[in-house]
Structures are given as structure tokens and as C-alpha cells.
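**Student:** So the protein sequences, as listed, match chains W and Z.
Note that the first sequence covers residues 1 to 278 in my numbering.
Note that the second sequence covers residues 1001 to 1124 in my numbering.
Worth double-checking, as some hints may not be accurate.
As the list claims (entries may be wrong) - In the BS3-like style, the derived pairs of lysine-lysine whose C-alpha atoms are separated by at most 25 Å in a straight line are:
#, chain 1, residue 1, chain 2, residue 2
1, W, K41, W, K97
2, W, K137, W, K192
3, W, K255, W, K196
4, Z, K1047, W, K41
5, W, K41, W, K137
6, W, K255, Z, K1047
If you're looking for bench data, these hints aren't it; they were derived computationally from the structure.
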Amino acid sequence: MSALVFSSLLFFISILAGLLGAMTGLGGGVVIVPVLALLFKVDIRYAIGASLVSVIATSSGAAIAYVREGLSNIRIGMFLEVATTLGAVFGAYLTAKISGHWIAIIFGVVLLYSAFSSYRSKVDHLIPVNPNTLASKLKLTGTFTSFEGTNAYSAEDVPLGFGIMFGAGTLSGLLGIGSGAVKVLAMDQVMKLPFKVSTTTSNFMIGVTAAASAGIYLARGYINPTIALPVMLGVLCGSLLGTRVLVKARVSILKQLFALVVVVLGCEMIYSGITGRI
Amino acid sequence: MSVPTDHELELSVAGMLRFGVTAAAIVSAVGGFLYLRQPHLPVSHYKTFHAGSLDLRTISGIWHGAVHLDPRSLIQLGLVLLIATPIARVVFCVVGFARQRDRLYVAVSSIVLLVLLYSLSGGF
């Protein structure tokens, strides 16, 4: 395949991934690695390098839209970034220690989890809160305005949430993904923050988490310019486009279709990892 | 200077992020254009991993290549700019928290910044 054809194909498939990822909320980065590894037969280390770069681009590029909503909480985000960045550095070290087969298998499991978590109910925990001492000391509180009025919220079970965030960071550094689904799990399910606060704060955290492993990836040569560039530009264009059409399009059918694609890719990654094809 | 609210802080940060991403995309796209314009493009082999030369793996090497308009170095410079945007975001937060006289969060965001700088130095 000539370089021009290869770059163009990568670019267009990345636009599609970014578009579908943004429209369905599953994230574009999550399908980039399996598509590169399974379809384009690119070594998994180049694939996770390119994916990580595109994760940073979408997180930073979409930040302004999230900030305008005024729901993200920078203190909660920054506090949890201590855990995710340390986890990301640890994850980036792990990629050099474990084989590509294992990376593929873990990746497959994470894909299946992402598809599953997109179907979880999105009910807010608007229970009256009595901030626990740890949350108040660390200022992990805020107010959330919705149709029903303004509610105060406060983080619960901070140590467990912090621990899961370390895990989210490790996955991000190991697999080159944003691991937004795990971050939302920690904030929404464990720390009982309102769902909208969790998702917008998660988007802000994803870029910083990814940057914590990107430096190590760069030094190791995982970030190959000729693969990373078309992927990054494609995912960025696709996801910026996707956030614009989000409001207009009916996404439920699309979401089911994309979740199905993610499940198929997840199974294929696990199978390829076990049989040693990746 | 007045003390910024959290929301004002976030808005200035988000504006900076958008600027950073745009600059990064332009620099690397110019590199990509120069790369594809080369008369004899090598046929790509990405099936097996090679770490590649240090010129594309260290910031000084990338900078050296980019000022000589080497296409791959220019792409890589754009990607380094991109990696730098979330780091700049944390720097903004350190400054913003300092202006709010929130010592605890100056400390928290400084820890995050140190981890990021450690990674960017190649993790040695």
C-alpha cells in the first residue's frame, strides 16, 4: 500500500470513528486501536500511540463545549487527576513489560465493558447530602443546577473513588485510551456525584491523564508520526462534527449499532490475543 | 487583578486548550503535507514495531529536525504541542488557584504538574 493511500484510508476511518464515538458517547479512541491492529495490521504499540494522541486532541478540542455547560468541577477533577496521572505513568511502564497478546486481551475486555456501561441507567443521586469530613476538607463539593432547581452535592467514598481512578489511569496508559467509562463509574457510581458532573469532569480529566503517559510513549517510539497524524486529525474532525450533530440526530439506533461494533471488536481482540495473532 | 471564579478560570483554560489544539493541528498538518509531497515515498511497514531513531523520540531531536523543515519532525512537533496543551491547562490551574489563595489546590495541582513533567522528560 502506498503511503498516500494508507494515510488517506487511516484519515477517513478515523473521521468515522470520531464521529460515531462523539455521537454515541462511547468515545472515538476506543475503536481506533482494534481497527488499526485488526484491519490495518499495524503493530499494537503504534496503534496505542496514535490512539492516545487522538484522545488528547478530542479532550482538549471539546473542552470549551463542556465548560460552557458549567457543570464540570475543577477541584474534584484536579484532585482525582493525582490518581489518574500516577496510574497512567504506571500503565505506560506496564506496556513495555507485558506482551502484545495480553494487551489485546485486556483491550477486548475493556471494549466489552464500555459497550455494556453505555446501557447503564443514568439516574442522578439527588439525595440530600451531609458532606463527610474528608470530602469537606478536600473541597470535593459543589452545586448542580437542573430543571428541578439547584442541588448541593458532595463526594462520597473518596478513598475508593481515588483507587478506581488510579486503575482508570493505568488502563489509559496501558491501552492508549481515555478510559472515560471507568472514570464516570468512579465518580457516578462510587462517589455518587450527579451524572452530568461526572461526564463533563471526566472529559476534562481524560486529556491530562493521557498526557501523563504520552511523554513516555514518545520516548519509547510508540508515537509514529505517519500513523499518529492521520488518526489524530481524523478523530478530531469527526468528534467535533459529532458533537454538533448530537442534538439533532436520533441516536438510539446508531448507539445500538455502534455498541454492537464495539462488542464485535472486543471479541475479536480477545480471540486474536489468545490465538497469538496480535 | 480580581480573583477569578472557578467558572472564569475554566473558561480561560478552555480557550487556551482550543488555541493549543488548533496550533498543534496546523503544525502537524503542514508536516504531513510536506511528507506526502516527497517524490519517493517509502512503502510503509508498520507490522512490526521499531522504536525508530532518537531524532523523533526526544524533544531536542524533534526541534532540531523541525527547524530544518524535516516533514516527520514537523508532524512530531505538532504532536508534542498537542501533548503540551493539557500540561498548560494544569499550569493555568496552579496559577488560578494561587490567585484564589487556595493553598490546598495549589499543592494538589502542583503534584499533577510534577507527574506530567516527569513523563514528558521521558520518564527517567
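**Student:** Quick one, are K137/W and K192/W close enough, alpha carbons at most 25 Å?
**Tutor:** 17 Å, holds
**Student:** Next pair to validate is K41/W with K97/W; report whether the Cα-Cα distance is within 25 Å.
**Tutor:** Given that 25 Å is the threshold and the Cα spacing comes to 22 Å, the pair holds.
**Student:** What's the verdict on K255/W and K1047/Z, does the C-alpha distance respect the 25 Å limit or exceed it?
**Tutor:** Roughly 32 Å separates the two Cα atoms, so the pair is violated.
**Student:** Are the Cα atoms of K255/W and K196/W separated by 25 Å or less?
**Tutor:** With Cα atoms ~19 Å apart, K255/W and K196/W stay inside 25 Å; holds.
**Student:** Sort out whether K41/W lies within 25 Å of K1047/Z, counting only the CA atoms.
**Tutor:** Within the cut-off at roughly 6 Å; holds.
**Student:** For the pair supplied as a hint, K41/W and K137/W, confirm whether the alpha-carbon distance does not exceed 25 Å.
**Tutor:** It is violated: about 50 Å lies between the C-alpha atoms, which goes past 25 Å.
When the structure is compared with the earlier hints, violations turn up for hints 5 and 6 and for no others.
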